[in-house]
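Visitor: Each chain, written out:
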Amino acid sequence: MTSALIATGVGKRYRRLWALRDCNIDIPDGRVVALVGPNGAGKTTLLHLAAGLLSPTVGTMRVLGRTPGRDVGLLADIGFVAQDVPLYRSFSVGDMLEFGRRTNSRWDHDLASTRIERARIDLDQRVGSLSGGQRAQVGLTLALAKRPRLLLLDEPLASLDPLARREFLQSLMGEVAEGELTVVLSSHLITDLERVCDHLIVLSASRTQVAGDIDGLLASHRIVVGPRREGAEVRGVGSVVQESHTDRQSTLLVRTDGPILDPAWAEQEIGLEELVLAYLGHPDATALPQPKLATAEAEVSP
Amino acid sequence: MIEFRLSPRSGVATYLQLVHQVRHAVRLGILHPGDQLPTVKEVVGSLAINPNTVLKAYRELERDGLVEGRPGVGTFVRDSVHGPPPGNHAALRRSLERWLRNAFEAGLDAEDARALFETSLQNSREEGVA
Amino acid sequence: MIWLTWRQHRLQLLYGAVVLVILTVFLLSTGFGISAAFRSSGLAQCLSVPGRDCGAANDLFMGGGARYSGLWFTIPLFLIVPAMVGVFWGAPLVAREVEQGTHRLAWTQGVGRIRWAGTKVAALAAAALVGTASLAWILSWWSRPFVAASDNRFSPGVFDLRGIVPIAYALFALATGVAAGTLIRRTVPAMAATLGFYAAVRLGVELWLRPHLASPSTVSYPFFGTNPRSGLGDWVLSTKTLDGAGHLLGNGKVLDLNVLGSRCPGLPLPTESLPNKDALQACIRQLGLHVQSTYQPGSRYWTFQGIESAIFIALAVALVGLSLWWIRNRIA
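Going down the list, the protein sequences come from chains A, B and C. Each residue of the first sequence is one higher than the one before, counting from 46 in the working numbering. Each residue of the second sequence is one higher than the one before, counting from 59 in the working numbering. Each residue of the third sequence is one higher than the one before, counting from 25 in the working numbering.
Keeping only pairs whose Cα atoms sit at most 16 Å apart, straight-line, the calculated EDC-like set for lysine to aspartate or glutamate is:
1) K114(B) to D258(A)
2) K114(B) to E126(B)
3) K99(B) to E212(A)
4) K301(C) to D280(C)
5) K114(B) to D260(A)
6) K99(B) to E223(A)
7) K277(C) to D267(C)
8) K264(C) to D280(C)
9) K99(B) to E61(B)
10) K99(B) to E225(A)
Hints are computed from structural coordinates only; laboratory data are not their basis.
Kindly generate the complete structure, drawing on both the sequences and the hints.
Guide: Right, here's the structure in full:
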């Protein structure tokens, strides 16, 4: 399987402040990725690096096998919707579509007009007078009508009411079902994204903390409850993310590296939100794939 | 055609909810052999879930032999659906109801009865595996 | 992309066109009257004969009370037109996008940010070129009688409005605006910076560089003679009064009686009485008093226009280059 996005040791520094550090990510093609983390964790920086708006201070960024920023041709394959959906306020919705048509050599005008029609937005309406949900739909339409292979959405749900969120995700997932499209959505809330995403990246304090397929992450994390543990190893437990103790009992959120066979320990499955919160609460814990493959690829490529 | 619904608080994985709903519909005779399941795009467009989740559910149903995918056309309920014939079904239900009456007479409440049922189900499954 | 430039900047372009129309109407409605007065005052005919003294006709055309003499002073108003191109077209080009975050939309489209910026700058430059060229052309016609009357095409406020330099100024102002907006990223401060930088460079070139664009020529003539180069439209840079040995006796065509008194013993000191005219002339002849002018010949007018245009266009190209580099490497 090829990778839509590979970051190898990527860091971005503004003057003396690192907005992103030691970022190693490998996003396989066709995934819908939740990029989660508290505000200021570097989500926007990572997306801007991928869209070629920024260049990394250190490390290499490969998007669809090319280098963003330096390779202008790559822009045709990337749909990017920045935070707060910047659009030209004085334009009509029709003008915005014309903008897309004029600034992209590959532009699916039918797709664009159909989507706008389905969202019940008037082409003559001024962008400045659109609701948050309509803005988001227009922004998404502009990004999708380029027929991109990679779609980057920065906090697309932040300003939407629950109904608009649902409609936005419905239409987005409809496009994902249509064809080969990798999507990265950033959000500081995982609940919004739990059902639409199949890959998770958790950024915290400008570092990658968790990265992997959600199925795999959920399968390898368990809550285990057993007798109070005094530092003794439990077989099957790879690492402990979070622990709490009473005088008799220990409750651990663990990343397993095999079946937990000890009958003294009862295991329980864990939800995605719980998993994310546990990691965010314990910034020293990480769940990252071995970066060997990505490094090797980056060294070979020119 | 059926429409899927997701229960937000069930704690059951989304793809399993879809699997259960198809099985249920087939058992209750809502879906007949030859009926088409909603396309991935339709499901995704109405539930706002990841298309891979739907694909995973349909693959699981295919593995069970309940449905078959026809490339480029869609996913259809198989002609020969395995499962207890309806007559047998009704008889089993009657005996379960009899059992429940006995349980209530013995002083169990609904919660106790469910726990007992779940435990027995678990045991018989484990025996079946062993 | 041209469509986008038009769609985004059509209001600014419209305002520019309105200003151009208003100025054109003003120039046309007064221009014919000025030409008529130029002819009826006899100045046009007088000036066509080299070496004639046209003082009386000049007074009739340009003197106090003459109908159109006041319009001469509207000329400097036109100096701000190129600056406005920079302030209102150039400065917002990048700054407004960055301020509103729309650069993140524009720069992630397929055309890429360099083509985006390049096309927009080029399209606005073309509009500025057409606008200022037509204004300069009308102004050249309109101001011809004034320029002929003052026999000076080089001085500030005249040279700058005619010929081809206004076009170069406008392109320079536009590039200044784009660069200021790119570096400062905020529209209003960028507008102020554009105005300041434009004015500083223009003044610098005008006051210090323009006189030295070519090495000036010198002409000498006797104190009581006439300048053999009068009427040729020269740009006189300095006039000095010298004695036969070349010592400076005064700036301009002047007689300093104190100096003369000390050099010609027969001449009475001015405190006592006015010197006798014959004695004065004798003294002047004895000292070999003459006038020396350094000047740029009028024939260099188009050379100067060309050189100054080239300077400003080169600056404009450099500023656009800087902006594009900055857009590509420094902003996100």
